[in-house]
Amino acid sequence: MKVFLNSEPLETSKDRISEIANIEPTEKNPIVIERKMTRSVLLKNLYEIDTNKGTFTIETFNNRFHEFFKENIENFKGLEIQWSDRNTINFGHLPIYMESTRKQFDYEKYTVLLGHSGFDKELGILTISKKGHIARNGIEKSVFGKVTKGRHVLELLSSNDKIEDIREVEIKSETYEYSVLTNDASIEENDNIITKSVIEIDESCPFAAEHFLFLTKEGYLEIDEKNVTYCRNNSLKGVSLPQEADLERSKGSISVRNSGKGKGCIYIYFKDTIEDKSHSVIGKITKGLELPLNLSPGQQFKVEPTTKRINTLGLTQGEAEKITEKMGIEHQRSGNDDDNAIIIEQDPEITIDAIKAGKITTKGVDPALVFKLRLFQDKAPNSAKYFKTISGLATRQLGRLEVLISHEDLDMIMFKGDAKLAGELAPENPPENGSKKGRIGITNMASRQRGIIGVRFNDSSDYGPTGEDDYHTNCIGEIVNYEMLRGIKEGSTIYLLMEK
Amino acid sequence: MFKMYVYKGGIYRHDEIIEQIEDLGGIIMQKTPMQTEIDIVFALEEVDKEHLEKLSKKLRGEILDIPFGDMEIAIVAPSLSRHHLPHPVCDLSEFLRRYGSTTNILGLARGYGKTIFQISDKEKRIISEHDAAIFSYGIFKECIMIKEKEIRTLTLPYVICGGPKNIEGVKNYIGNIGRKSGRMKSSDDIKTLENVKNMLLEMVDSKREEINKDPLISPPVYVKRALEQQLDLEGTLGDNPIVLHLDGVRVKKSFEEYSDKVADVKIGDYRLGDISTITKSNMNDTVIVKMRTKSEMEAD
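Here the protein sequences come in this chain order: A and B. Numbering-wise (our numbering), the first sequence opens with residue -14 and increments by one. Numbering-wise (our numbering), the second sequence opens with residue 266 and increments by one.
With the rest of the complex left out, here is chain A (with noise of 0.2 Å):
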């Protein structure tokens, strides 16, 4: 039986989906099988006419004018301009038997009509109206059409020149049945089984491929909102981007939103639209687009971006090597260069750039300077989200941190947060039993000193580890080597990793 497996042909003697395609069909992970239906061809009453200047089409009514016309196109095909002026163009002649008449009917602008020229049923002749006017063409109200496309020709035409072909236009239309899948099914013959969608990245947008590239490193992209025009990702929404070329949203096309409200969001286009600065495009579906026109909204699809991320912050410069390797790219080690060592710098950053550069430097450290994290994702994820796009854990593996208060005398560090970001961080999860040692805190919309993030060095019952206390206070994790934090100077950063 003939497949088509991502609209490859496939020879195969199987008929289940897991079988073909090695993937079982789930819930949240659906795939699309595209079944070809019945083919219609629809005529409709159109009729392209080329000329030696061009070619106009016109669309005609039903009538016993466009009888004649359909019957005797052949007779029409090479008929030459008897005269052209500033209101008509006349093809002539042939024999056109039908009633003369002497009266005279308005025209208006681009109708086609038959007529008798001289009043002669002999020198029948095929008129064009370029604008609204009053004539006796010799045939009674003998309109049967109105040139609907390419009417720049007819200020072409003049003496001498002639129609070449007339054609019947014919709209064929295939249509496709899509069908979602959800468990494992049986498929028909040339059924065609979709299971990922194809991404070419463009080189004109690095920040936001990046960041796209960022949240699809699993391999798939979720569905959060859908409508006639786009399908929308949340999953970065509040994640600040750069302004980059504006570039036209073609149908396929994927786009970042650079600023506003869903500044960070992820959208596919499904139909073509017009460029916006909000927006930058990263690249375009080039294979697998019946996938998110399909899906709904909480299921999601595999993606296969055409350029793989290059991003070796917080690896070992060993896993590096291993993958620039991989890569083609060359590998240079600076810092610390040890096996072991963490990397906190990589020159360029973006993979975009890295490749261009056919080189990365990486900058490592030793592994025991790198802060491990763990973070309340479940009891305070509003909390938890605001505190990944401060450090960048949101879009990296290794998130970084600028102390703004250190002191010796202090119990505790302070680092520098975002207000306008937490103006709507509202209160969660507060310290219970007062706030231990090592537990990351943020200030909470509820005090103006919203956004700022501490962690205490030792317990409190009163306090929480950004000064106030627990109605402000939200927690959102816990550093597990905290004790290293003692000493570091105000205005230095400071390197996190999940603790895995």
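Hints may contain errors.
[Said to hold, decoys possible] Below, in silico cross-link-like pairs of lysine-lysine (DSS-like), each with a Cα-Cα straight-line distance of 30 Å or less:
# : chain 1 : residue 1 : chain 2 : residue 2
1 : A       : K62       : B       : K478
2 : A       : K38       : B       : K555
3 : B       : K555      : A       : K94
By construction, these hints were calculated from the structure, which means they are not laboratory data.
For chain A, the structure is supplied; the task is to place chain B on it using the hints.
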């Protein structure tokens, strides 16, 4: 195809409406904040309206159609004298503006009198620069019948208004708008104005359909935005330097000074001068840009 709408709602969270219009590929034309309220005029494809309405309902706002929002309409009176102006003409003009239109009142040079009525070629060309026209022809039946013949060659959608209720043989005619001694504000008068609007709307819709069959290379709203951004022609509340037409735009700047600048504006991958015809207006020293069609560009 883009259609024009206006969002009327509170200023609170109106940025969400703007963001969604941008996401859906719409264009913001004008924002008018009024204390705690805001009016946002925007162009959006018709299919996307439903999605935006969900958000607007949530914010207790409303989205209204402005069917003439992308049109410049000529209101033509036989003369600019007290005899033919002001009430019916100004009322028509004011009424159409409520539906988003930009209206220009024109008085003919030799338009008065039954037997001596004339409309010059230049006047016809001025009227044809507009997307539609309304002729306000007074109260005499014979007079209207004679004057109607003179404008039959016009190819733009037009409505003739006059006093008699019906006149046989006169196309696109609406009665009960003859000589008026006061403002048209009674319910009957408003109904008549509605009839004018509906008749014009029907004709304009078929013109839009025609344009849709042989679409323009770039929608005029998009050209307007590009001109505003690249030539720094953002309008103020009192002055709108770029007026939308169904098939292009009018740039209200000196032709001599601006025609080359307008031609050099980038529209996507194209230069505006290559995808449009740029001419000097017959009416005043402004620039008329008429977009070419996709089929015309393909033929090139």
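Do the hints match the structure? See the list:
1. Under the criterion of a C-alpha separation no larger than 30 Å, the hint pairing A/K62 with B/K478 is consistent with the structure, at around 25 Å.
2. About 22 Å separates the Cα atoms of A/K38 and B/K555, which keeps this hinted pair within 30 Å; it holds.
3. For the hint linking B/K555 to A/K94, the alpha-carbon distance of about 18 Å falls within 30 Å, and the restraint holds.
Hint compliance for this structure: no hint is broken.
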